[in-house]
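Trainee: This is what each chain is made of:
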Amino acid sequence: TQLLEQSPQFLSIQEGENLTVYCNSSSVFSSLQWYRQEPGEGPVLLVTVVTGGEVKKLKRLTFQFGDARKDSSLHITAAQPGDTGLYLCAGYNSGYGGATNKLIFGTGTLLAVQP
Amino acid sequence: ETGVTQTPRHLVMGMTNKKSLKCEQHLGHNAMYWYKQSAKKPLELMFVYSLEERVENNSVPSRFSPECPNSSHLFLHLHTLQPEDSALYLCASSRALGRAFQETQYFGPGTRLLVL
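The listed protein sequences correspond, in order, to chains H and P. This note's numbering puts the first residue of the first sequence at 4, with every later residue one more than the last. This note's numbering puts the first residue of the second sequence at 1075, with every later residue one more than the last.
Each hint should be verified, as a subset may be incorrect.
Claimed, not checked - In silico lysine-lysine, DSS-like type, Cα no more than 27 angstroms apart, as pairs:
#1 P:Lys-1114 x P:Lys-1093
#2 P:Lys-1114 x H:Lys-105
#3 P:Lys-1115 x H:Lys-105
#4 P:Lys-1096 x H:Lys-105
#5 P:Lys-1115 x H:Lys-73
#6 H:Lys-73 x P:Lys-1093
Note that these hints are calculated values from the structure, not bench results.
Work the whole structure out from these sequences, hints included.
Mentor: So this is what it looks like as structure tokens:
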């Protein structure tokens, strides 16, 4: 069974602080996605990383895919209250060989940014 | 607004009731999914449909019965549920199945289900 463990589970910080969320697995993924889910809504895709070692930036968010494609991190610079939400990593399993490639979701990190 | 709508947004039902959840996507996608999101657990994939054909049934109890009459609509029929089935049920769609590895799934807002 492929699992994606996220840490920390909960994070409460002040506006302007920096933070990093980690997504770790013992399994290799062909790609990894990060989603943000706000209360009362479904997850919304932020980014997809594909290549080991890849770094992508989305304004104040920086995403990195581990060299071995087993882990990823999300770094937020100068967090704002609008960044509040549940952050989910999700990996497409590689070499599954079935009719579908399943998207395996991580355990989630709940972020609260206080003004 | 992601182009995926779900109704109802909230549902309270007794264990002997029968109800249905509805999902509609306005994106022209060919694949649709049902997920279950419970507290303290990762999103769990329940069912996958591609071009109205079920291609995945992820060991879901038979008290959950999906239906996909066309590529734009997906239903989840519920009967004799248990309190532990209380959760947020999310529908998603994608252009095609994730055969490669970069298919983006677009999620609806979910139906918050409470089983009493």
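Trainee: Run every hint past the structure and note whether it holds.
Mentor: To see whether the hints hold, each was checked on the structure:
{"no.": "1", "hint": "P:Lys-1114 x P:Lys-1093", "in the structure": "holds (25 angstroms)"}
{"no.": "2", "hint": "P:Lys-1114 x H:Lys-105", "in the structure": "holds (21 angstroms)"}
{"no.": "3", "hint": "P:Lys-1115 x H:Lys-105", "in the structure": "holds (17 angstroms)"}
{"no.": "4", "hint": "P:Lys-1096 x H:Lys-105", "in the structure": "holds (22 angstroms)"}
{"no.": "5", "hint": "P:Lys-1115 x H:Lys-73", "in the structure": "holds (20 angstroms)"}
{"no.": "6", "hint": "H:Lys-73 x P:Lys-1093", "in the structure": "violated (40 angstroms)"}
Of the numbered hints given earlier, the model fails hint 6 alone.
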